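*Asks:* Residues per chain are reported as follows:
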Amino acid sequence: MNLRISTRPGPAPQMLKAMKLTIVFLTAAFLQVSANGIAQNITFSGENVPLQTVFSAVKKQTHYVFFYRNDDMSLARPVTVHFHNARIEEVLDELFKGQPLTYSIKGKTIVVSAKPLVRPEKTEHTPPPVDIRGRVTDSNGEPVSGASVQVKGTDIGVSTDVNGFFELKNVPENAILVFTGANVETLEVRVNGRTAINVTLQARISELTEAEIVVTGYQKLDSRRSSGAFGYLGADKIASRPTTDLATAMEGMFTGLRVYEEAGSTRFNIRGLGTMTLGVADPLIVVDGFPVGNGLADINPNDVQSVHVLKDAAAASIWGARASNGVIVITTKKAKEGLHVNANAFIGIQEKIDLDQANPIARSADALEWEKYLWENDKLFSSFSISDNVDGNNNPVSLGITLLNLRDLGRISQAEFDQAWNALKATDYRKDVYEHLLQNAFTQNYDITVSGASARNSFVFNTRYVEEKSGYRYSWDRSLLTNFRNTYRVTKWLDANLSLMAKFGRRNNSGATLSDIKSISPYERLLNPDGSYATMVGAHYQEFVDSLGAYFPHDWNYNLLQEIRSRDLRSEQNNLRLQVGLTFKLLKGLTFDTKFQFENYKTENKNYYSPESYYVRDQRNKWVDFNEATRQVTKMYIPAGGQLLQSFGTFRSYNFRNQLTYERQFGSKHELTAGVFTEIFSKISESYSAPTVYGYDPERLSMEVPQSYMIKSYWGGTNYQLTGMNSSMAYQNDRFFSVLGNLAYTFNKKYTLSGSFRIDASNLIVEDPKLRYSPFWSVGGNWKMDQEDFIKNIPAIDRLNMRLSYGHTGNVVLSTSIVPLIAISGVYPLTGAPYASIIDYGNPNLTWERTATVNLGVDYAFFRNKLFGSIEVYRKHGRDIVGAIDLPRLTGTSTQEFNTAEILNKGVEINVGTALPINRKVTWNANLNLSFNKSKVLNLMLLNYNYYAIRSPHFEEGRPVDAIYSYTYLGLNDQNVPYMRSVNGTTYTFNDVPPVVTDDREYMEYSGSRQPTTILGFQTGFSAYGFDVNVIINGEFGFVFRRPTFDYGILTNSKASSTIHSDFTDVLNNTAKGIPGMPPPDVLNLNNWGGYAQFLNTTIEKGDNVRIKEINVSYRVPGKLLAAAGLGSARVYFQLRDPEWIWLANDKGLDPMYIFNSRASNSAAAITYVRPAPSYKFGIAFGL
Amino acid sequence: MRLSIFCALLLFFASGCSKFLEEPPEKRNNLEIKDTESLDLLLNFYNITFDRSRELVLATDNYELYKDYYDARPSTFTSSLQYILWMPALLEQQTYYWEQQFLKISYANTILASLDKVTGSQQDKKRLKEDAHLLRAYEYFQLATLFCLPYSEENRNQLGLPLKMSLSYDEDLRRKTLGQTMDFIEQELKLALETSETRSEEALWRVSKVGAQAFAARFYLYLHDYEKALAYADACLNSYSTLINYEAYFAPQMRTFMSNGGSYTQPNGSTDFRFGEFYLSRMMYNHTGNAVPSQELMDLYDKINDYRYDAFMVEDYSLNRSAVPGWAAYMQFGSIGLISGPTTAEMYLIRAECRARNNDAAGAIQDLNTLRRERYKSGTYVDLTEADFADKKSLLQFIIDERRREFPFTLRWYDIKRINTDPANILDKITITRHFYEYDGVSVNTNQMRTYTLAPGDKRFAWPLPRIDIQLSRGDIEQNPYD
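Chains as they are written, first to last, in the working numbering: chain V, 1 to 1184; chain B, 1185 to 1667.
Read the hints as simulated data drawn from the structure, not as lab findings.
One should not assume that every hint holds.
Claimed, not checked - Mimicking EDC-like on lysine to aspartate or glutamate, the simulated pairs with C-alpha atoms at most 20 Å apart in a straight line are: (1) V:Lys431 / V:Glu543; (2) B:Lys1301 / V:Asp840; (3) B:Lys1211 / V:Asp734.
Here the structure is a predicted model, which is why all the values come from computation and not from measurement.
Just need the whole structure built from these sequences, with the hints factored in.
*Replies:* Put into structure tokens, the structure is as follows:
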């Protein structure tokens, strides 16, 4: 196939060719298949070849694995054999004819052992016991640590040390030693009087060299031949960190992967940000070969065998158009021989959130001080639209402002005012909030896995129940997650796979949210001293409620706690995933897979507001006809009773894949792996929010239809629409068709050359269908230097491997379009006519984003594997990145997205690990992941750099991703007005309107980037006497963030006095650092002050931080106890997470991980979210 | 078995993936424009038709900036001073009105760009085409009256507008001359006038014959082409001449909000696009909430009998804290919407003016009486007669004043501009004068008074274009010169 680096649209002809080729290929394949349907057997010819050589040929052709002891093999004689399509039994019979060895077949394992020696029936004397030393290694020659060596039928036994050595004393000469280990097959060895016994244990069949396999989602490849950069996390590491979500277990475990929280959800970033479109910046998540719709949410960490992070093009380009942000491939556990039951349970408790950290607002007295200041200078700020007419005031203001207004209108006396004012001053909202809205979060997690494998069938059944009591009272989350996977070997040439995932989740969201808490003024209370609900600011001016409320049918006072208790906000999730597959072994080395995945995720939200809720009371009171003269409500528009709001979401996806893979060795020097894949993928998201059910009674399921759709409010003659009557619906169907292929050739077990190509097409709206297709490709090489003679002889080097790759991945940006797009918007209330609006004017030049990556990697292991790791160097160049470009407004829009930008990410990733025995019982292990990344935005043809855009993290040509600008603060000028310096040296004050220029960078300075350039993940611990202690330390360096501060905010008509930042106290006392003191009373433009003060260079802080993220302690119950309890294994564990042992570069104690200066939001102060409070988990895991 | 699986696969691929990929990615949202129905839905987006000009409310002599009002509550005015005092250096930072106007124009451009590609009947396409042309004519005219100098033969070569006529981002954005701009609007209008759609109560913001004719009357009046203006006004009134008697709106009274000395009456029904006098429905969004009427304007009314004063002028407006008791506000029909599209009232006044200019005083007075009768409290109106007017000029002046009374915050800016360049030169030219503190664009110096004037011929009659567009067009768009 002729593939070129094709830019810009137009690969349609090639695409069609590719499809035709696939068809031809498939056709050819099945013709051959029918001709050679039973070709599953062994073909081999050799004269005087060692038995091991035949074994490896058999293994390659049949997947049968041989277990043997080197000592035994030394007895074997070379053989001369010729097999053609011979059955395994025939082959084995032939091979062992006349050998001093015998074999047995156990599943797919062939255990080779020495023939028992013919001994006299009885010996005259018992031979003297011997001391035995030895070493246990795996098939790669690497030591197996922690394997148990036991004298069969006795209690005598030891474990191997980290280097695989063991020593047993006083063993009967004719004893049988039983070697068992976590991931290796059990082996029995006769002592036969030897004092040195070295054994090689095979890795368990299903996990054959698990760590050595790269799972790309399409194939499993030998990592030692792979040219790509990938990270690996195994089940053991995941299991050592009790967690309910996999994302947590991935933190710090990979180089190049940043796991962080953004606005409440966990996000991943592989090797820096590669796109400017937030919605498509996440890596692709693949579970058991299929991209899944809801990320890591439905994955039970205890069910995960491995996680692979595909970082470079060679690894990820197989995923083509969705791989620019990298790929995370998750492989679930496979069954092991026999029947296994594993259970795991833990409970976790978390401290209450720290309000001072989560909601850093000023204390009551200070907040009131600011309100008073604003009130007194109110005519300058245009802030409060309170009139002296009680019922003209529809909008709420804070309690402080209400008091001031009452005083000034003479409705209360100065004395009354003072008393009320001082009472507010003395009130602190925190006590009530801690007591009534917050609680210790409590998690329970129960997990059981039953798995088993026999010759024909293997299955894994896993169920987990999680119950999480939220940190906010009245909110909880429960879920039951079940996985069932079965592989059935139908015939020798056909395997059938079935995998089912079902998750049922129930969630109660009735409790307060952080934003509820943030809307409480610092001087508001939830409960009065007598325990009754305190009056809090609701949706209306309180004086109105107090003086006229009595004329309305319901109590019109608002209280957050009462509201929480009067509502029941539920959410249900029913998620199903089904994967079925057939694997045909067509020819020697040739496998055909056909797979299908169906996902169906349903979410149902049911929000019930009881008649007692403010939500309902307010509507009932407000939407009325009112007779002014008689002061009577003459008509009510809202039916009595509760209200039910429901919404439904469905995600459905279909994925159908066919793949043909070929893997074969030719002679001793040539190995070839190749694959051709086709994939069809459709994902459909639908949502529907139902019209509000009025007059709803949850017991009787009765409801009432409102009498009239057009309603009137107490305040105005205008007609309004009844709210909640418009149901909204959305439907989205993204379809992809892909053809891909790859090829890897290894020469002499040393040199591997690999390549892949992929063509993606999607159902983008285009005028010319050929624009739907886009090609991606990669090439790479791998050099196993440790196989070279000049290195082979250096004993210190156990492994040395060099990789180089180059290729393309892509990204589909669906937020913009090639042709104009419209949205149908229902009926316009005023006109009663259905209408539509233009969503996108279309950009005919639009194309897919693509990223070219060069990666150079070295894998190493030194000093008998005491030191191991990898080093990667990469350059990731994103081209045709879609970015919004400012346009003259006369185009009808102010921005449009064009593929103009480029993002360059360069980096180095270093992984160093060690496992050092301190003595026989104690091992120290450590793993360090260091990732350096430098990004730069290129060719972003932005002409307009507005201050509001550049003061928050943004994209800018020539700067790293997420650059931030600030005003250069100079302090107070000679008129005592704070002032700043522009780039050309001129100054301007806080009172000046910012000069309007296209490029506000003239007036601002560059402060740095919000993206860390260095990420540290460090894990270290000891294993000793059955204890494992592990500390996880994470750090991020080389970035800045903007500290939220007092914003000189003018209170508008709202209850939000709670947004006054705690820095205000210092502003008031003139002790604020970095921001000016109180503005003089004649300042006209307080908005300017706020606009400047929050974005001064003095609000920039260094982001560097290191934290102890977790401490995990576990204890493995020793074998003797286990045997007594009838258990196979048992482990108890404890985890301390987020202990708040943090080093921060800034001296304010601000944790940058949880201060998110959003790219999407312009307000630095608005988005602050909570650092998780310390949590403690206790658990137990055991296996039968 | 294996054979059949493979055959199935083969068939699947043979059927081709192109069909699979034809499925549109979304319903309801992000739809491709495929039929005339979609285009109709776009033109039904009533919300964008709002006229969002602060300028028309704040810049004329019908608005007044009272020093004492300002002193009592400066914040009410701080963000408006640039409009009230015509300050191009500040105004060029504003983009809102410009942006909103071009949003409408881009809808029209989308319609015109899509017509050839969509399915639908020829009649529908014809109607949509006329609708789009009318939309472009109307909105470009609004832009021209604000951002260009007043129209006159002498000013034809002055700067006009950049004419965005397609969806292409590569279009020439250089400004045409005022003459070319007006010619373009006329050409668009002519295309719209080809329509045979009738006035529909339910879709008054959409194209109709009378709607196009009514706008034509307004357009030609601005071009001082009184003959054509008269013809179109006449044509309109011959088709539809309903006037709304205001009595129905204000008696009986609905609800009175009492406040510190002031009261405010809410009319029985607010107006919207269905207002019965509309030929083409357009509402103006009165951002400031309380347009402060000048004394000169208030003095033009019969304060007791004329509903346009009694109901619309809230003398002691204090409902909103941003207002100060003792000062008046203009609240047409109790809402923030001002009637700005061409109405029967406007056509009567255009016809009256043209008749008066044509020396048909009797005809003019008849039109005035027809209109005014519906504005007065019942039984209080006394017909005007020819005897009430000394000469042609006083009659014309009365008609212009009647226009002020009828459309104080929508058409006055346009009237001042056309009167100041009227080649007939009958009426006195208009100079707007304000007495206010010294304001330098940053702060108000309350120690220093200053007189601000906008005299005929002032370059500031052409509002500055948003600076951001000038910059983003990389200099293709030229700013108005202010010396």
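*Asks:* Next step is simple, just say for each hint if it's right about the structure.
*Replies:* Hint check results:
With a CA separation close to 26 Å, the supplied pair Lys431 (chain V) and Glu543 (chain V) exceeds the 20 Å bound. Distance check on the hinted pair: Lys1301 (chain B) and Asp840 (chain V) sit about 17 Å apart at the alpha-carbon level, within 20 Å; holds. Of the pairs offered as hints, the one joining Lys1211 (chain B) and Asp734 (chain V) holds, with about 11 Å between alpha carbons and a cut-off of 20 Å not exceeded.
Consistency with the previously given hints fails for number 1 only.
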